[in-house]
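A.B. asks: Go ahead and model the full structure; you've got the sequences and the hints to work with.
Counting from 1 along the sequence shown, just add 1 to a position and that's the residue number in this note's numbering.
No wet-lab data here; the hints were simulated from the structure.
As the structure is a computational prediction, the values presented were derived from the model and not from experiment.
In this text, a Cβ means the ideal position worked out from N, Cα and C, and glycines have one as well.
Here are the in silico distance ranges between beta carbons for each label pair:
1) Asn192 - Ala326: 24 to 34 Å
2) Phe204 - Ile287: 16 to 26 Å
3) Asn121 - Ile287: 20 to 30 Å
4) Tyr47 - Met134: 34 to 44 Å
5) Gly291 - Leu140: 17 to 27 Å
6) Asp123 - Ala177: 23 to 33 Å
7) Leu144 - Ala177: 16 to 26 Å
8) Asp43 - Ala229: 33 to 43 Å
9) Met228 - Met139: 17 to 27 Å
Below, computed lysine-lysine pairings styled on DSBU-like, alpha-carbon distance capped at 30 Å:
10) Lys327 - Lys58
11) Lys58 - Lys209
12) Lys124 - Lys199
13) Lys355 - Lys58
14) Lys199 - Lys327
15) Lys327 - Lys355
16) Lys199 - Lys209
17) Lys58 - Lys199
18) Lys209 - Lys327
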Amino acid sequence: MNEGSMLTQRLLLSDRGGMLVLGLVLLTTIIVPILNLAVPTDSPLYVSNFTVGLLGKFLCFALLALSVDLIWGYAGILSLGHGAFFSLGGYAMGMYLMRQIGDRGVYGHPELMDFMVVLNWDKLPWYWQGFDMFWFAMLMVLLVPGLLALVFGWLAFRSRVTGVYFAIITQALTYALMLAFFRNEMGFGGNNGLNDFKEILGFDLAAKTTRVGLFVASAFALIIGYMACRYIVTSRMGRVIIAIRDAESRTRFSGYQVESYKLWLFVFSAMLAAVAGALYVPQVGIINPGEFSPLNSIEMVVWVATGGRGTLFGAIVGAFSVNYAKTFFTTFSPETWLFILGGLFVLVTLLLPKGIVGLFDRFSRKGDKQ
Numbered sequence: 002m003n004e005g006s007m008l009t010q011r012l013l014l015s016d017r018g019g020m021l022v023l024g025l026v027l028l029t030t031i032i033v034p035i036l037n038l039a040v041p042t043d044s045p046l047y048v049s050n051f052t053v054g055l056l057g058k059f060l061c062f063a064l065l066a067l068s069v070d071l072i073w074g075y076a077g078i079l080s081l082g083h084g085a086f087f088s089l090g091g092y093a094m095g096m097y098l099m100r101q102i103g104d105r106g107v108y109g110h111p112e113l114m115d116f117m118v119v120l121n122w123d124k125l126p127w128y129w130q131g132f133d134m135f136w137f138a139m140l141m142v143l144l145v146p147g148l149l150a151l152v153f154g155w156l157a158f159r160s161r162v163t164g165v166y167f168a169i170i171t172q173a174l175t176y177a178l179m180l181a182f183f184r185n186e187m188g189f190g191g192n193n194g195l196n197d198f199k200e201i202l203g204f205d206l207a208a209k210t211t212r213v214g215l216f217v218a219s220a221f222a223l224i225i226g227y228m229a230c231r232y233i234v235t236s237r238m239g240r241v242i243i244a245i246r247d248a249e250s251r252t253r254f255s256g257y258q259v260e261s262y263k264l265w266l267f268v269f270s271a272m273l274a275a276v277a278g279a280l281y282v283p284q285v286g287i288i289n290p291g292e293f294s295p296l297n298s299i300e301m302v303v304w305v306a307t308g309g310r311g312t313l314f315g316a317i318v319g320a321f322s323v324n325y326a327k328t329f330f331t332t333f334s335p336e337t338w339l340f341i342l343g344g345l346f347v348l349v350t351l352l353l354p355k356g357i358v359g360l361f362d363r364f365s366r367k368g369d370k371q
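C.D. replies: Printed below as a string of structure tokens:
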């Protein structure tokens with residue numbers, strides 16, 4: 002068996018659940034644009050612009066859940082701060098989109114954002130320079146969250162902070178960033194954040210084709226992200242990571258640099274979350290400090306636990322399931338959603354420790370025995 006066949010076997014053929022989920026994602030990516038662009042609006046088969054945007058958001062959340070499952074499900078690192086990396090990626094994209102507005106803002110200033118004019122700023126801050134170029138903004142999407150994860154992870158893992166203590170300090174990190182971004186003097190729009198975007202790469206964000214393009218880009222980012230994560234967890238490094246999760250002290254005594262493995266994985270996971278944030282912002286049209294809320298990071302953990310921790314494709318299932326339920330309940334009974342979310346987490350913890358995909362796996366095994 003040649004190397005290509007072995008890689009295909011490792012990534013695709015041995016992952017039936019993952020291939021089923023990705024197949025559904027790919028099928029949706031083909032069908033939804035056709036039903037939105039080619040079908041008349043009065044047809045029962047027509048998919049509305051709202052639905053396209055909603056599914057695009059779900060795809061971004063699935064990529065975000067994937068990043069959480071990579072470190073929690075396979076390395077045993079429970080992060081309650083991935084909302085920080087998601088938001089930083091979103092702000093980097095938002096800064097690029099704001100620079101594209103130019104003199105079309107309310108105050109018509111050719112360089113300063115409207116909120117900067119209101120605050121009587123006389124020049125563009127140095128950290129906004131370069132964000133008028135797409136390649137630079139995309140570089141910052143990866144670089145800023147990656148550097149933060151590198152520094153934070155190096156300090157935490159070097160000090161051997163693990164378990165609930167690591168979860169607490171990651172939650173403190175995202176809360177501190179939320180408070181900082183709420184301040185007007187930070188230069189990121191304060192409470193209102195960044196909004197009123199006009200275009201991306203010269204394409205009108207309000208156009209149907211642009212919305213569909215962002216939806217397709219989110220789907221392909223999810224597929225590529227899944228394959229990258231699958232490659233990692235099935236590699237030799239992945240086996241070491243799983244060994245660290247199951248017996249960290251024994252793995253360290255075996256001669257492996259445990260902190261280096263955990264740090265590399267944490268940085269990669271943070272960058273994956275940042276990409277999800279960057280794709281999310283142009284589809285929702287706003288990014289504000291509320292995205293840093295610790296509650297958002299806790300929700301991400303619920304997505305993974307609900308879908309099935311340590312499976313990758315379970316994280317995708319969980320993200321879609323929980324966010325669909327959130328959309329439904331916040332529409333008809335918004336005041337009860339948080340109680341439902343808490344109850345769901347307790348239910349999954351007690352009755353479905355392997356999540357939704359574990360339940361299907363249990364049924365399939367019973368069928369095989371019969």
